[in-house]
Amino acid sequence: MAVEQSKLLKTDIEAYLKQHENKELLRFITCGSVDDGKSTLIGRLLHDSKMIFEDQLAAINKDSKKHGTTGDTIDLALLVDGLQSEREQGITIDVAYRYFATDKRKFIIADTPGHEQYTRNMATGASTADLAIILIDARYGVQTQTRRHSYITSLLAIKHIVVAVNKMDLVAFSEERFNQIKTEYTEFAKELGITDPIFTPVSALTGDNVVNASENMPWFTGLPLMKLLDTIPLHDTTDLEHFRLPVQYVNRPNLDFRGFCGTIAAGTIQAGDEITVLPSLKTSKVKQVIQPAVSADEMVVEIAFAPMGVTLTLEDEVDISRGDMIVKSSNIPEVADQFEVMLVWMNEAPMHIGADYLIKRATNVTTGRFLQVDHKVEVNTLAQQPAKQLELNEIAQCQLSLNQKISFDPYDKIKGTGSFIVIDKYTNATLAAGMIRGASSMQAHIQSRKEYSAFEKDLNVLIRQYYPEWQCVSTNDLLK
Amino acid sequence: MSITNQRLTHLKKLEAESIYVMREVIAEFDNPAMLYSVGKDSSVMLHLAQKAFYPALPPFPLVHVDTTWKFREMIQFRNQRAKDVGMELIAYINPKGKELNISPFTHGAGMHTDIMKTQGLRQVLDDHKYDAVFGGARRDEEKSRAKERIYSFRDKNHRWDPKNQRPELWEIYNGRHQKGESIRVFPLSNWTELDIWQYIYLESIPIPDLYFAKERPVVKYEGTKIMVDDERMPEELRKTAKMEKVRFRTLGCYPLTGAVPSDAETLPEIIQEMLLTKVSERQGRLIDHDEAGSMEKKKIEGYF
Chain A
77 MAVEQSKLLK
87 TDIEAYLKQH
97 ENKELLRFIT
107 CGSVDDGKST
117 LIGRLLHDSK
127 MIFEDQLAAI
137 NKDSKKHGTT
147 GDTIDLALLV
157 DGLQSEREQG
167 ITIDVAYRYF
177 ATDKRKFIIA
187 DTPGHEQYTR
197 NMATGASTAD
207 LAIILIDARY
217 GVQTQTRRHS
227 YITSLLAIKH
237 IVVAVNKMDL
247 VAFSEERFNQ
257 IKTEYTEFAK
267 ELGITDPIFT
277 PVSALTGDNV
287 VNASENMPWF
297 TGLPLMKLLD
307 TIPLHDTTDL
317 EHFRLPVQYV
327 NRPNLDFRGF
337 CGTIAAGTIQ
347 AGDEITVLPS
357 LKTSKVKQVI
367 QPAVSADEMV
377 VEIAFAPMGV
387 TLTLEDEVDI
397 SRGDMIVKSS
407 NIPEVADQFE
417 VMLVWMNEAP
427 MHIGADYLIK
437 RATNVTTGRF
447 LQVDHKVEVN
457 TLAQQPAKQL
467 ELNEIAQCQL
477 SLNQKISFDP
487 YDKIKGTGSF
497 IVIDKYTNAT
507 LAAGMIRGAS
517 SMQAHIQSRK
527 EYSAFEKDLN
537 VLIRQYYPEW
547 QCVSTNDLLK
Chain B
537 MSITNQRLTH
547 LKKLEAESIY
557 VMREVIAEFD
567 NPAMLYSVGK
577 DSSVMLHLAQ
587 KAFYPALPPF
597 PLVHVDTTWK
607 FREMIQFRNQ
617 RAKDVGMELI
627 AYINPKGKEL
637 NISPFTHGAG
647 MHTDIMKTQG
657 LRQVLDDHKY
667 DAVFGGARRD
677 EEKSRAKERI
687 YSFRDKNHRW
697 DPKNQRPELW
707 EIYNGRHQKG
717 ESIRVFPLSN
727 WTELDIWQYI
737 YLESIPIPDL
747 YFAKERPVVK
757 YEGTKIMVDD
767 ERMPEELRKT
777 AKMEKVRFRT
787 LGCYPLTGAV
797 PSDAETLPEI
807 IQEMLLTKVS
817 ERQGRLIDHD
827 EAGSMEKKKI
837 EGYF
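Residue numbers (the working numbering), protein chains in the order written: chain A, 77 to 556; chain B, 537 to 840.
No lab work stands behind these hints: they were computed from the structure.
As the structure is a prediction and not an experimental result, all values here were calculated from the model.
Watch out, some of these pointers could steer you wrong.
Said to hold, decoys possible - Dumping the calculated DSS-like pairs for lysine-lysine here, alpha-carbon to alpha-carbon at most 27 Å:
# : chain 1 : residue 1 : chain 2 : residue 2
1 : B       : K750      : A       : K86
2 : A       : K489      : B       : K549
3 : A       : K404      : A       : K481
Said to hold, decoys possible - Here are some chain A residues the structure puts well away from chain B; computed CB gaps all over 12 Å:
#  : residue
4  : L102
5  : L246
6  : A248
7  : T352
8  : S405
9  : L458
10 : Q473
Said to hold, decoys possible - Facing chain A, a subset of chain B residues (Cβ under 8 Å, in silico):
#  : residue
11 : I562
12 : H583
13 : A618
14 : G622
15 : K665
16 : K683
17 : N726
18 : T728
19 : L730
20 : Q808
Each residue gets a CB set at the ideal place from its N, CA and C atoms; glycine is no exception.
In isolation and in its complexed conformation, chain A is listed as follows:
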């Protein structure tokens, strides 16, 4: 808690509340290799911003003696290394979320593990982050892990990159060393299209330049990390041009009311706007825009925008169901069933070309399959390689084919309509995360490589003949 803020808190609680009410929300991830000091850095941010309570601190003190790696001083990493099993191993094994606030912003931190086998966790943390802090050990400079972390942040399209050069205390707070690393990183970040990363030298262990400016680094004229997080301009990256409402739920409490609920993925909407439903292309006009409310007099609003949750009622009786997309008729996105996608595989079971998976994109769940792996990206070198299947933590560009046409936007334009997960039909596990790059650029009529055996064809005919109500699709049609 900043000093001015705590003063206000004591003297004028109402004014304080007013201030807190209008905070911005910033989500960030911290990424670094094992021993780069991520957990220590987060512990330091929480500790120095007075977000740790006395009883928690006492518990850490007790734990530090048992598990700590810092001798007699408090091991701040223990604050964030939550689960008991991992405390015993001394490593972070999953994504942990932490919260703190300053006078201006509320922060949500995703603490993500750095070692290679946990790429999936980093992608998970990165998927909701506005900013990434990439930790570099000042002694070792840019490592292969640094490349991997930077690549994933750019793949998941995180807008702001802060490079924290940590453990400056171990290189005698050397300006020269800091500048070397800065040059080294800037050079390779260009390849990834990371422009204008912000560099800051810190020591999470000693607290130098984390919350307060460092007396040990008078040569550094930039802001301490915390100040940086507090002031970095979040020129809102939400697209307010292209209205997209993935229909989530149809609310029908009685015959007179039929509302289409969802969270606006992009754009704005007003009563009277002409809308089109995709993929059916049916059209209507918005009758009412309803915001979340608990009474009739506060429910209708003039305008709603991303990322608000809304309910729309329409002038006409249009058949709309979950998984459809409502857009403005003046701006209709592409509709396709074949896509070029980037895929991060997250399961021990490898991805097989041609196998059926469930694809969940926004509120739409459709069966689909990957027709080919265009290339795999070696995350440490960024080299592209051919591949026949994908293993855990591998990243690749693939061709995806869905059984149903959906409207979409490229991920780098609108995240909400360009991202999807891959679900195993049988184990129900979440297998992968995907980002749509665009409609497939392969020959438009590329075919499923699936081939049916004689038995499968016979079975299909049998089912179609005797159980027409199952609406089973002919294998001949599938191969068309």
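Given chain A's structure and the hints, the job is docking chain B onto it.
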């Protein structure tokens, strides 16, 4: 909570996220329910559910696992809220525990919590075969909660496997499960204690009076102060009762819920006190006090 320059404040963003999660569950599950524990987090969760489905009522019941040792005021408040909102309330007591007359005073906090709370919860979930259950837990409450997903998968025995959680990306939730398996859903995951209080204040959400400071009869018990709520408290303990101005930061079973001395009689005063205090809210709960990792152990066993 104004909308300025087409940007949402952090509370509006949190609200939108929670509502999205609730609608998603209702759209995808057959038999959802909301675990309503009467506390401030449940109050916020219930309010968000009303908002998510208005003008309809939230299409699921409220489930309360009654340990028989809750503050009497909590039970009155619970019944009144369910009536006002118009939702079905399922209040469940573990019959075996009732028969054995389980008491935190005689059987200890651990056994009481296990039988009346954890076992009771498992029984009511099994009886009704809920496939999704909303809970009001927040990630900032406790370390093992910090890693919990918003959709937390439970096997047939309601067990949580911290090493085998589904990755959760963007706002795309995977609720697929087999028969008998279920998902615990935590729509308030990203709210902090301060966010909850701020929202209660802004939205005028009703909460039990126990949160506000008042003269109440308290006794010293196991290193903390607890309130004398009924005659089941052992007499020798009850004899020591003194009137003190106290309030509760969390609500649960009265013998297990520590009272804090306080003068906070209004919401702003509570928030002020909360921000100036140096002790985290779970400290008032006697069940968390044993070893590090105790919450993790309980969660693996099926505790919320």
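To see whether the hints hold, each was checked on the structure:
no. : hint              : verdict
1   : B:K750 <-> A:K86  : 21 Å, holds
2   : A:K489 <-> B:K549 : 20 Å, holds
3   : A:K404 <-> A:K481 : 19 Å, holds
4   : L102              : 9 Å, violated
5   : L246              : 28 Å, holds
6   : A248              : 35 Å, holds
7   : T352              : 22 Å, holds
8   : S405              : 21 Å, holds
9   : L458              : 22 Å, holds
10  : Q473              : 18 Å, holds
11  : I562              : 6 Å, holds
12  : H583              : 7 Å, holds
13  : A618              : 15 Å, violated
14  : G622              : 12 Å, violated
15  : K665              : 18 Å, violated
16  : K683              : 5 Å, holds
17  : N726              : 6 Å, holds
18  : T728              : 5 Å, holds
19  : L730              : 7 Å, holds
20  : Q808              : 4 Å, holds
The structure fails hints 4, 13, 14 and 15 (numbered hints given earlier, in ascending order).
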